[in-house]
Structures are given as structure tokens and as C-alpha cells.
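Using the hints provided, position chain B relative to the given structure of chain A.
Listed in order, the protein sequences are those of chains A and B. Following our numbering, the numbering of the first sequence begins with 4 at its first residue and continues without gaps. Following our numbering, the numbering of the second sequence begins with 5 at its first residue and continues without gaps.
Worth flagging that the hints you see were computed from the coordinates, not collected in a lab. Hints are not guaranteed to be accurate.
What the hints assert, rightly or not - Coverage of chain B stretches by chain A, computed from C-beta distances (three or more under 8 Å per stretch; other residues unrestricted):
#, segment
1, 43-52
2, 104-110
Claimed, not checked - Using C-beta positions, here's what the derived DEER-type ranges look like:
#, chain 1, residue 1, chain 2, residue 2, range
3, B, L62, A, P73, 15 to 23 Å
4, B, V54, A, S8, 41 to 49 Å
5, B, S16, A, P73, 41 to 49 Å
Said to hold, decoys possible - Counterexamples of contact, computed for chain A against chain B with all Cβ distances above 12 Å:
#, residue
6, E47
7, S65
8, D66
9, F68
Heads up, the beta-carbon is just placed ideally off N, CA and C, and yes, glycines get one too.
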Amino acid sequence: DTGVSQNPRHKITKRGQNVTFRCDPISEHNRLYWYRQTLGQGPEFLTYFQNEAQLEKSRLLSDRFSAERPKGSFSTLEIQRTEQGDSAMYLCASSFTTQGPLHFGNGTRLTVT
Amino acid sequence: TQLLEQSPQFLSIQEGENLTVYCNSSSVFSSLQWYRQEPGEGPVLLVTVVTGGEVKKLKRLTFQFGDARKDSSLHITAAQPGDTGLYLCAGGETSGSRLTFGEGTQLTVNP
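Chain B on its own, in the form it takes in the complex:
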């Protein structure tokens, strides 16, 4: 079973600060997806990265896929209270049948 480890598990910051969330594995993934989940709702896709070294930007969010396709990071610039939520990374296996999720990073942005 391929495992994804996310760090930190919890993060509480003030509005306007920057932060980085990490997603690491010893396994190679064919793709890496980031989701955000709010209480009582299902996860919602933020981005998919498929190429080693790929960097994608989504407004204040920057996603990077490691060169070896084993790790990824999410960087948020000037965090806002609306960014509060559970951030999940998920790796796509080469067989293509399932996504393996990390345990998530619970982010709280205080006004």
C-alpha cells in the first residue's frame, strides 16, 4: 500500500501570513491531487499535477510536484480566514484505479 504523509498535521496562523504544507511518500505516483475540505462537506479538488517538477499557481496558492514524483507542496501566500479548512493530498497509482489520500493538514487562519 502506498502511503502519503502530510505535515504539519495542524497549522494555526494569522491572516496575512504565508504557509507551506508538505506531502511526502516513498512511492512514485503517476499524479498528485490537492483537495480542500470544509466541515460536513466532501473534499473539493484544487489542482492536479502530473509531471515531475511541475509548478501550478492558483491565485495565492502555488503547488509543486517533486522531480521524482514522490512528494508535493502547497504554498499559500497572504492567507485569509476563508482559506481555513482541511487540505488533503492524494496520489494516483499507476494502475489508475484509486487515489490514496494523506491524513490531511488542518489549517486555521485567524482574523
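Only chain A is shown next, with the shape it has when bound in the complex:
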């Protein structure tokens, strides 16, 4: 069990640029989640995959955000035309069972200047 891996750990980008983050979950976990966390706040749910199927998306996930999990393994989260309000920590988590404990990665911290 190597844990959930997220890359990059930090990303600084200029407003209007596109960014893509990657998440590699624990290998036997078929559920994968993306959350966003701002400083001093709890994580906010963005989206959830079961295998390759994206089953739920939050209203927070505007049309500038897209997530994929093409083969049911790793996942990518892309933000197009970034805005300063997108600056946050983007956390990926995986789990083995419904309502099972979430195993989080250490996140990607995005700063939009």
C-alpha cells in the first residue's frame, strides 16, 4: 500500500491558463474522490468516480472544471481559464467500499496569480 499519490504538489499559474492535476489512488480502491480545500476550512466535495464512471458532480464544479478517470485507475482534474478564486488545495481520496474511510493524498496546492 503506497498510499494516494498526487502530482504536482504545488502549481503556480497565471490567471487564464489551464492546469491539470493527477491522482493515483490506492490500487485496489475503485472509488475516487476530488475535494477542494481553502485555508482553515474543511474539504468541499467536487466529484466522485466509481471505476471509470463519474457518478456525481458538485455544483461547485463549474464548466471550467473537468475530471476523468479513463481506465478506472488514475484520475486527472483539469481547470480551464483559471481564476484567482480557484486558488486552493485540491485533494484526491480513494476508498474501497461505499462509506468506507477515505484515504487522502497530500494534495496539489494551486496558486493563481
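For chain B alone, kept in the frame of chain A given last:
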């Protein structure tokens, strides 16, 4: 959307003191999880409670799930500087698809 409110938002205490953190909601959750998060890292699960009235102990930490499954508490006995961190409660919805997190309690234990 189900909401979880945590209190207090910030807590600064001296080593050796006891403390309680509360997590409240007007909604019923099928399960309640507590996580601890350190700066620059993702949250790490401490405990899951699923039964109304359930009490779980983890060394100096005691977790309780309310009878109605709408609230929970975390009690730490004889706090240590290593307990410093952001404590998050998270409720599992009956649909089972997501966890809803509270805003967290930032605990600082001073030596």
C-alpha cells in the same frame, strides 16, 4: 445539502488539559468519521462511528455519536503538543456517495 457545524473553530490550550470538540447537524447521517490534518498533508482518518449512541476510545481520544445520529463529539484527555492539528468531522450520506465535511477545529496544544 447536509451541513456539519463544528465548534469551537479555534482552540488553544496548555499541555495536560482536556478538551472537547463538537460536530452538529440538523440532518441524520448514516456514519460519522473524524479526521486529523496537519499542514501540507491530507486528512488522516481517526475513527468511524455508525451506530447512534456509539462511543469509541482511541488511547486518549474518546468519540461519541449522538443517539439521533445528527451530532458527534471528540474528547481528548491530557492533551499533548503532538495532538496539534485540524480536526475534521465528516458525515456519510445514506446514498453512500460522498462525505460532507465540517469546517474543522484548529487545535493548538502549547508545551
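Hints, one by one, checked against the model:
1. 43-52: holds (count 7)
2. 104-110: Since 6 is at least three, the answer is holds.
3. B:L62 / A:P73: 15 to 23 Å: violated, 39 Å
4. B:V54 / A:S8: 41 to 49 Å: Roughly 29 Å apart at Cβ, these two residues miss the hinted range, so it is violated.
5. B:S16 / A:P73: 41 to 49 Å: holds, 46 Å
6. E47: violated, 7 Å
7. S65: Non-interface label stands for S65 (chain A): nearest chain B Cβ at 17 Å, farther than 12 Å.
8. D66: holds, 20 Å
9. F68: F68 (chain A) is indeed farther than 12 Å from all Cβ atoms of chain B, at 16 Å.
In terms of the numbered hints stated before, the structure departs from hints 3, 4, 6, listed from lowest to highest.
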